[in-house]
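> Residue strings, one per chain:
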Amino acid sequence: MTTNGEGAEMEARGPPSLHLSTRNGNFLGKHRLSAAISRLNQEIQYLQEELNELETMEPSSAACKEILLSTEGKPDAFLPVTPGPENAAWHRWFQRVRSPHSRKWWTHKGSSDIL
Amino acid sequence: MSFSELKDRHVAATAMVNTLRDRLNQKRQQLLDTDVAGYAKSQGRTAVNFSSTDLVCCRTLQGHTGKVYSLDWTPEKNRIVSASQDGRLIIWNALTSQKTHAIKLPCAWVMTCSFAPNGYSVACGGLDSECSIFNLNSQVDRDGNLPVSRVLTGHKGYVSSCEFVRDQDTRLITGSGDQTCVLWDVTTGQRISVFGGEFPSGHTSDVLSISINSSNSNMFVSGSCDATARLWDTRIASRAIRTYHGHHGDVNTVKFFPDGQRFGTGSDDGTCRLFDMRTGHQLQVYSQQQANNDQDVPIVTSIAFSISGRLLFAGYSNGDCYVWDTLLAEVRIIQLVH
Numbered sequence: 001m002t003t004n005g006e007g008a009e010m011e012a013r014g015p016p017s018l019h020l021s022t023r024n025g026n027f028l029g030k031h032r033l034s035a036a037i038s039r040l041n042q043e044i045q046y047l048q049e050e051l052n053e054l055e056t057m058e059p060s061s062a063a064c065k066e067i068l069l070s071t072e073g074k075p076d077a078f079l080p081v082t083p084g085p086e087n088a089a090w091h092r093w094f095q096r097v098r099s100p101h102s103r104k105w106w107t108h109k110g111s112s113d114i115l
Numbered sequence: 001m002s003f004s005e006l007k008d009r010h011v012a013a014t015a016m017v018n019t020l021r022d023r024l025n026q027k028r029q030q031l032l033d034t035d036v037a038g039y040a041k042s043q044g045r046t047a048v049n050f051s052s053t054d055l056v057c058c059r060t061l062q063g064h065t066g067k068v069y070s071l072d073w074t075p076e077k078n079r080i081v082s083a084s085q086d087g088r089l090i091i092w093n094a095l096t097s098q099k100t101h102a103i104k105l106p107c108a109w110v111m112t113c114s115f116a117p118n119g120y121s122v123a124c125g126g127l128d129s130e131c132s133i134f135n136l137n138s139q140v141d142r143d144g145n146l147p148v149s150r151v152l153t154g155h156k157g158y159v160s161s162c163e164f165v166r167d168q169d170t171r172l173i174t175g176s177g178d179q180t181c182v183l184w185d186v187t188t189g190q191r192i193s194v195f196g197g198e199f200p201s202g203h204t205s206d207v208l209s210i211s212i213n214s215s216n217s218n219m220f221v222s223g224s225c226d227a228t229a230r231l232w233d234t235r236i237a238s239r240a241i242r243t244y245h246g247h248h249g250d251v252n253t254v255k256f257f258p259d260g261q262r263f264g265t266g267s268d269d270g271t272c273r274l275f276d277m278r279t280g281h282q283l284q285v286y287s288q289q290q291a292n293n294d295q296d297v298p299i300v301t302s303i304a305f306s307i308s309g310r311l312l313f314a315g316y317s318n319g320d321c322y323v324w325d326t327l328l329a330e331v332r333i334i335q336l337v338h
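Top line first, the protein sequences correspond to chains Z and X. Each residue of the first sequence is one higher than the last, beginning at 1 in the UniProt record's numbering. Each residue of the second sequence is one higher than the last, beginning at 1 in the UniProt record's numbering.
Honestly, I wouldn't trust all of these hints.
To give an idea of the chain Z side of the interface with chain X (calculated C-beta under 10 Å), a few residues [stated by the list, open to error]:
no.: 1; residue: Leu47
no.: 2; residue: Pro59
no.: 3; residue: Gly73
no.: 4; residue: Thr82
Think about it this way: if two alpha-carbon atoms lie no more than 27 Å apart in a straight line, the pair counts; the simulated BS3-like pairs of lysine-lysine are [stated by the list, open to error]:
no.: 5; chain 1: Z; residue 1: Lys65; chain 2: X; residue 2: Lys41
no.: 6; chain 1: X; residue 1: Lys67; chain 2: X; residue 2: Lys7
no.: 7; chain 1: X; residue 1: Lys104; chain 2: X; residue 2: Lys156
no.: 8; chain 1: Z; residue 1: Lys74; chain 2: X; residue 2: Lys7
no.: 9; chain 1: X; residue 1: Lys77; chain 2: X; residue 2: Lys99
no.: 10; chain 1: X; residue 1: Lys77; chain 2: X; residue 2: Lys41
no.: 11; chain 1: X; residue 1: Lys41; chain 2: X; residue 2: Lys27
no.: 12; chain 1: X; residue 1: Lys41; chain 2: X; residue 2: Lys67
no.: 13; chain 1: Z; residue 1: Lys74; chain 2: X; residue 2: Lys77
no.: 14; chain 1: Z; residue 1: Lys65; chain 2: X; residue 2: Lys27
no.: 15; chain 1: X; residue 1: Lys67; chain 2: X; residue 2: Lys77
no.: 16; chain 1: X; residue 1: Lys67; chain 2: X; residue 2: Lys99
no.: 17; chain 1: Z; residue 1: Lys30; chain 2: X; residue 2: Lys77
It should be emphasised that the hints constitute simulated quantities derived from the structure, not laboratory data. Virtual Cβ for every residue (Gly too), placed ideally from N, Cα, C.
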């Protein structure tokens with residue numbers, strides 16, 4: 001356990017870079033520790049701010065309601081049943097398109113319709 | 001102040017942080033009165049009628065000779081850029097499956113790519129810790145290779161993720177193994193802002209993924225090996241807007257929900273989660289039931305939402321791709337791909 005006297009002894013000496021002792025009072029260690037404490041204090045402040053925020057925050061059900069509304073209001077090509085209007089741009093993926101470098105025709109796999 | 005006094009302060013501050021975190025967790029738990037599935041069921045919703053016969057493969061893009069790590073669409077959704085550890089970016093006309101460019105990369109260990117909104121350039125990054133920009137209209141060099149038009153240097157670790165800012169062709173955001181995200185000006189190659197790093201609210205481990213909010217391009221989320229996701233405002237580099245806790249392992253992938261108010265995550269803990277951007281609430285966990293707890297749970301490597309958000313596509317390390325009903329948190333399809 002070091003005492004104040006020892007710390008004062010350290011500061012009284014020459015430039016800190018010459019005193020990288022392995023004893024508890026080394027300058028670099030104190031510097032790093034101070035920086036770490038500053039970061040922790042900053043984090044404490046952020047955490048307290050967040051705690052204050054939670055005092056008046058609405059519960060998760062509010063967000064869940066919004067998700068339901070937003071999801072069910074949008075047309076989705078993947079869904080078997082989806083709100084309209086249909087997006088005409090979706091059809092291009094199921095039309096026959098000649099691949100220029102081969103004889104392949106891309107068409108709706110599994111469909112019996114030849115477009 | 002003596003070293004020992006500083007140590008005592010450090011111990012006290014650490015204890016205070018832990019106490020506050022516990023209190024925060026408890027308060028958040030109290031505010032979770034329901035999850036999305038619970039709410040949807042209470043409103044009479046049932047799982048969407050969707051099975052593997054409803055999913056049609058309409059294109060197979062063949063050409064890479066190594067694992068494909070990343071891909072991105074143009075905003076018009078007619079072209080794709082893909083990045084593979086065969087050392088190439090390939091640009092595809094998605095409609096015809098034609099390759100329009102095959103770009104040999106200076107560094108084969110690419111991890112991410114992005115298409116610029118105007119469709120004229122692509123960006124990629126990886127283990128070289130740089131982000132390379134290619135202009136698709138530039139002339140090829142003597143060896144037939146497209147030259148790099150700009151290199152974004154400055155990261156001190158691998159570039160895991162990059163995305164052009166949607167309404168600005170000149171801005172790009174990267175996520176890196178150096179624990180930071182960076183907003184770049186692509187025309188000058190300069191860093192505009194660094195998110196994290198020396199600031200206390202930054203990630204404390206590698207950033208693995210980023211996603212820019214399609215409704216508000218000033219906001220983006222990042223996912224990290226520190227098991228959190230963080231929300232950033234590009235105009236405020238000094239601190240993260242919010243940190244999202246819940247995952248028990250690396251957050252490998254983050255993706256904004258189509259409404260721009262929520263985002264999904266995928267993690268080494270084998271789950272996907274849905275978070276509310278504004279409040280920080282964890283709204284839903286998408287978790288595979290494991291009959292045998294000793295088995296390793298496959299990790300989530302990649303996620304995407306369908307255009308309405310009703311479907312959540314999740315890729316896992318064992319090669320599975322699950323399609324989840326986002327609202328009911330039920331798996332609709334387990335599809336082995338490739």
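> Determine for every hint whether it applies to the structure shown.
Structure-based check of all given hints:
1. Leu47: holds, 4 Å
2. Pro59: Since chain X brings a Cβ to about 4 Å from Z/Pro59, closer than 10 Å, the hint holds.
3. Gly73: Nearest chain X Cβ about 8 Å off; hint holds.
4. Thr82: holds, 7 Å
5. Z/Lys65 x X/Lys41: holds, 12 Å
6. X/Lys67 x X/Lys7: Distance of about 49 Å is beyond 27 Å: violated.
7. X/Lys104 x X/Lys156: holds, 24 Å
8. Z/Lys74 x X/Lys7: Between Z/Lys74 and X/Lys7 the Cα gap is close to 56 Å, so the pair fails against 27 Å, i.e. violated.
9. X/Lys77 x X/Lys99: holds, 15 Å
10. X/Lys77 x X/Lys41: violated, 34 Å
11. X/Lys41 x X/Lys27: The given pair, whose Cα atoms are some 25 Å apart, holds under the 27 Å limit.
12. X/Lys41 x X/Lys67: Roughly 40 Å separates the two Cα atoms, so the pair is violated.
13. Z/Lys74 x X/Lys77: holds, 18 Å
14. Z/Lys65 x X/Lys27: holds, 21 Å
15. X/Lys67 x X/Lys77: Distance ~23 Å between X/Lys67 and X/Lys77 Cα, so the pair holds.
16. X/Lys67 x X/Lys99: At roughly 17 Å apart (the allowed maximum being 27 Å), X/Lys99 and X/Lys67 satisfy the hint.
17. Z/Lys30 x X/Lys77: violated, 56 Å
Taken one by one, the earlier hints fail for this structure at numbers 6, 8, 10, 12 and 17, listed in ascending order.
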